[in-house]
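Chains as they are written, first to last, in the working numbering: chain A, 1 to 461; chain B, 1001 to 1280.
For the record, the hints were derived by calculation from the structure and aren't laboratory data.
Lysine to aspartate or glutamate pairs mimicking EDC-like chemistry, simulated, CA-CA at most 16 Å apart: (1) A:K348 to B:E1252; (2) B:K1026 to A:D221; (3) B:K1201 to B:D1169; (4) B:K1118 to B:D1051; (5) B:K1198 to B:D1251; (6) A:K21 to A:E304; (7) A:K328 to A:E314; (8) A:K400 to B:D1239; (9) A:K240 to B:E1232; (10) B:K1072 to A:D271; (11) A:K348 to B:D1249; (12) B:K1198 to B:D1176; (13) B:K1234 to B:D1249; (14) A:K131 to A:D77; (15) B:K1026 to B:D1053; (16) A:K348 to B:D1251; (17) A:K190 to B:D1041; (18) A:K348 to B:E1262; (19) A:K358 to A:E381; (20) B:K1119 to B:E1094; (21) A:K138 to A:E165; (22) A:K190 to B:E1040; (23) A:K355 to A:E342; (24) B:K1194 to B:D1169; (25) B:K1234 to A:E247.
Under 8 Å between C-beta atoms, here's a sample of chain A residues computed to sit facing chain B: (26) L172; (27) V212; (28) V216; (29) F241.
Far from chain B, by Cβ distances over 10 Å, these chain A residues were calculated: (30) T13; (31) E17; (32) C22; (33) D37; (34) N47; (35) V51; (36) G109; (37) A127; (38) R280; (39) R281; (40) S378.
For clarity, every value in this text was computed on a predicted model and none was experimentally measured.
Backbone N, C-alpha and C fix where the C-beta goes; we use that ideal spot for every residue, glycine too.
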Amino acid sequence: MPNMSPKMNEMPTLPPEVRSKCFSEVALGYTEEAALDEAARCLHCKNAPCVTGCPVNIRIPDFIARLRERDFSGAYDIIADSSSLPAVCGRVCPQETQCESKCVRGIKGDAVGIGRLERFVADRHNADPAKSAPHMEKNGHRVAVVGSGPSGLTCAGDLARLGYEVTVFEALHTAGGVLVYGIPEFRLPKSIVRGEIENLVALGVKFETDMVIGKVLSIDDLLDDGFEAVFIGTGAGLPKFMNIPGESCNGVYSANEFLTRVNLMGAFRDDADTPVMRARRVAVVGGGNVAMDAARSALRLGAEEVSIVYRRGEDELPARREEVEHAKEEGIVFRLLTSPTEILGDEKRAVRAIKCIKMELGEPDASGRRRPIPVEGSDFELPVDCVIMALGTSPNPLIKDTTEGLETERRGGIVTDEVGKTSREAVYAGGDAVTGAATVILAMGAGKTAARAIDEYIKNK
Amino acid sequence: MYTVVYKRALNPTVTEMKVSAPLVAKRAEPGQFIILRVDEDGERIPLTVADYDREAGTVTIIFQTVGATTMKLAAKNVGDQIADFVGPLGRPTETEGLSSVAVIGGGVGCAIAYPVAKKLHTLGAAVHTVVGFRTRELVILEDEFRAVSDTFCLMSDDGTAGERGLVTDALRRALDSGEHFDEVIAIGPLPMMKFVCKLTKEYNVKTVVSMNPIMIDGTGMCGCCRLTVGGEMKFACVDGPDFDGHLVDFDEAMSRAAMYREFESRARDRACNLLRAEVK
Chain A
1 MPNMSPKMNE
11 MPTLPPEVRS
21 KCFSEVALGY
31 TEEAALDEAA
41 RCLHCKNAPC
51 VTGCPVNIRI
61 PDFIARLRER
71 DFSGAYDIIA
81 DSSSLPAVCG
91 RVCPQETQCE
101 SKCVRGIKGD
111 AVGIGRLERF
121 VADRHNADPA
131 KSAPHMEKNG
141 HRVAVVGSGP
151 SGLTCAGDLA
161 RLGYEVTVFE
171 ALHTAGGVLV
181 YGIPEFRLPK
191 SIVRGEIENL
201 VALGVKFETD
211 MVIGKVLSID
221 DLLDDGFEAV
231 FIGTGAGLPK
241 FMNIPGESCN
251 GVYSANEFLT
261 RVNLMGAFRD
271 DADTPVMRAR
281 RVAVVGGGNV
291 AMDAARSALR
301 LGAEEVSIVY
311 RRGEDELPAR
321 REEVEHAKEE
331 GIVFRLLTSP
341 TEILGDEKRA
351 VRAIKCIKME
361 LGEPDASGRR
371 RPIPVEGSDF
381 ELPVDCVIMA
391 LGTSPNPLIK
401 DTTEGLETER
411 RGGIVTDEVG
421 KTSREAVYAG
431 GDAVTGAATV
441 ILAMGAGKTA
451 ARAIDEYIKN
461 K
Chain B
1001 MYTVVYKRAL
1011 NPTVTEMKVS
1021 APLVAKRAEP
1031 GQFIILRVDE
1041 DGERIPLTVA
1051 DYDREAGTVT
1061 IIFQTVGATT
1071 MKLAAKNVGD
1081 QIADFVGPLG
1091 RPTETEGLSS
1101 VAVIGGGVGC
1111 AIAYPVAKKL
1121 HTLGAAVHTV
1131 VGFRTRELVI
1141 LEDEFRAVSD
1151 TFCLMSDDGT
1161 AGERGLVTDA
1171 LRRALDSGEH
1181 FDEVIAIGPL
1191 PMMKFVCKLT
1201 KEYNVKTVVS
1211 MNPIMIDGTG
1221 MCGCCRLTVG
1231 GEMKFACVDG
1241 PDFDGHLVDF
1251 DEAMSRAAMY
1261 REFESRARDR
1271 ACNLLRAEVK
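From just these sequences and the hints, can you work out the full model?
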C-alpha cells in the first residue's frame, strides 16, 4: 500500500541562527527511515509523468521502487544510467519546476520528494567504501571535453560509459566548474563534487587542470592531437556590471569574483591566502540563485546587514523559492522594486553607500514579466561598505576568438543544432556556453544529448 | 605540478626563476603573463613572462618578494615543484611595424620591459632604454638591457647607479633633444607609468603601459582586474595587460591595487613565521 499522506517528508535543516554563522551544509538529507517513508508515497504511475519533467529522463519510479525494497545500490545504478552527478542534482536541481511539478501526488497535496530521494540514494552510494566502478571496455576512440562543469562532466561520463577515452580540460586548478567556484559550500559541499569527479575518474575519465583552451591549446590543437571530437562546455563565465558610476570603487565585486574568492579559494577560512572583504553592510544587486548565494555567503562572513536589491517584485524573483525562503530565515533583507543608480565612494574610493531609486511595475515586457519603471523623486541612499553585482553572466569569448569557423550568436553563445553540433566538424557544445546562464540540470541535459551525438558521429565516420 | 629548474637572486628581494612548463613556453610572447599557485590552498597570482625557451620548455619569471605568496615562491629551490602554472594569458605586446621605441622600465617592472626590448631589438627596431631604480643594490638586468639597446640610460633615486633622477627626467631630455619615438613602452610602478604618460602626452607620443592589477582566474571570469580605459571598463586579463597609457585612469588603478594591503601584510607576517618555523 502506498503511503497516502499528502505531506512530503520534511528534510531536516540546520537552524538559521546556527547556519548563518558557518559554511556547513544547510539541508541535512533524509534519514533512511524518512527516505523509505517518502518512497512509499510514489504511486508508480504507468505513464510516469515525472520522467518527462526531468531534463535527463531519470527513470524515477524505477529507482524509487528499488529504494523502497531497500536495494540502495540498485536504485543508484538506475539514476547513474541517466545522470553522472546524482549527488549534485539531488541538491541543486529545481525539482519543484521539473520532475516534481509533474507528480500526480502534487494535484492533492505535496509531490513526492524526488530530489530528496535522489540525494539520499547518491549520498548512500558515495559513503559506501565498497562501491565498485563498472569495468568499461575501451573502444579506442578519444574525445576531448573542454570545461569540467555540469555539461562537461555529464558528457564525459556518458562517453566513458560507452567506452570512449575521455580527457577533460579545465582552466582552473580544480575540476568542477561552477559547482566549485560558484555554488557555495553550504548548498553544495565541495566534498560532494569531489566524490562525483572521483566516480568519473574510476570510469577512466582523465582530468587536466590549468588548461585554458583557447590560450594554452586551441580546439584545433586538440583535433590535431588525435581527439576525434571535442565537446565545448565552457559555461558562461563573464560577469556583467550595471555601467553606473562608482562600480570601480573598492568594495564592489562581481558575484563571480566574490563567490570564487569564498568558494574556490577558500577565503572564508581565517588562514586562507586569498583575501575577501569582511564587510559590515552588504548590498547584493540581483534576484537570482547567484544573488542568494552571494548574500548568504556575505552573511556567513560576518556581515551585520545584507540586502538583496532587486528591481522587480517578490513574484518576479528568478531564484528558487527554497533559496529565497532560506535567505529570509537567515535574516537577509529584501529591498524589492529598488534599482541602484550610483555607487558612492569615500575619499579613498571605498564604497560608503549605494544610491537607489524605487520602481513600480508597468506592462509586461518581452520576457513576459512586468516591466519595472522608476518612480521619479524616490531616490535614496543605502549606507553599505560592499556591493555585489549578481546580474547574470555571458559566455567567455576565449574559444570563439581562437577557433576559426566556429559560429556564435550576438551575445556570444556558440551556435549549435538540437543535438549540440556546432558549425565546425567534430566540434560539439552545450550548457551555458550555448544558452547563456541557465541551470545545472539543463547543462547536464545538453551534455548528455551531445554525448549521444558524438557517439553517432564517431561510429559513422 | 611544475618543476623549478633554475633560480638566482637578482637583488636582495628580486628572484629570477625558470619553471618547466612546455605548453606555456610553446606559445608565450612578450607582454603575456602566467598565473601560478605555489601550493595547494595557495593564492593565485599573476606574473608577467620574463623570458621563455621553447626548446627547453621553460618559462622565466622574475618577481619581487612583497607578500605571502611571493615569499613562499622565493623559498622554492631548483628541483622543487609549484602546484599550478597557467598560461600564456593576456594579449602579447604589439611590436610589429615599430622602428624606434623608447622602453622605460621601473624597478621590478624591468623584468617585463626586458623581453619587450629584446623582441623589438630582434625585429630590427632602434631600442632606447631608460631604466630606473631606487638605489644601486636594486638594479637588475643591466647587462641584458645593454645587449639589446641602441641607447641605454640608467637612473637611480639616490644617484648610486647611473644618473641621479627619475626615468621621466631622462625621457624628457631625449624628447627635448628632438629624438623621435614611434612609441614609448612604459612598465613599472603605477605612479611611474602615470607620470611617464603625463609627460608623453605633452609631446604627443603614443605610450603603451603594462597593467598588473589584482587578479584571480586570469581568463575574464571575475572582473577583479577591471580598469577604466578611455571611460570604458576593461579587464586587464583578457583585454590587456597592455593599454594605451594616455587613456588609463591611473588614480583608480592605484586605489584598487591597495584594496587588500592590510590583509596582505598580515598574510606576509604569517608566512614569515611559518617559514621561520620550518628553518628551525
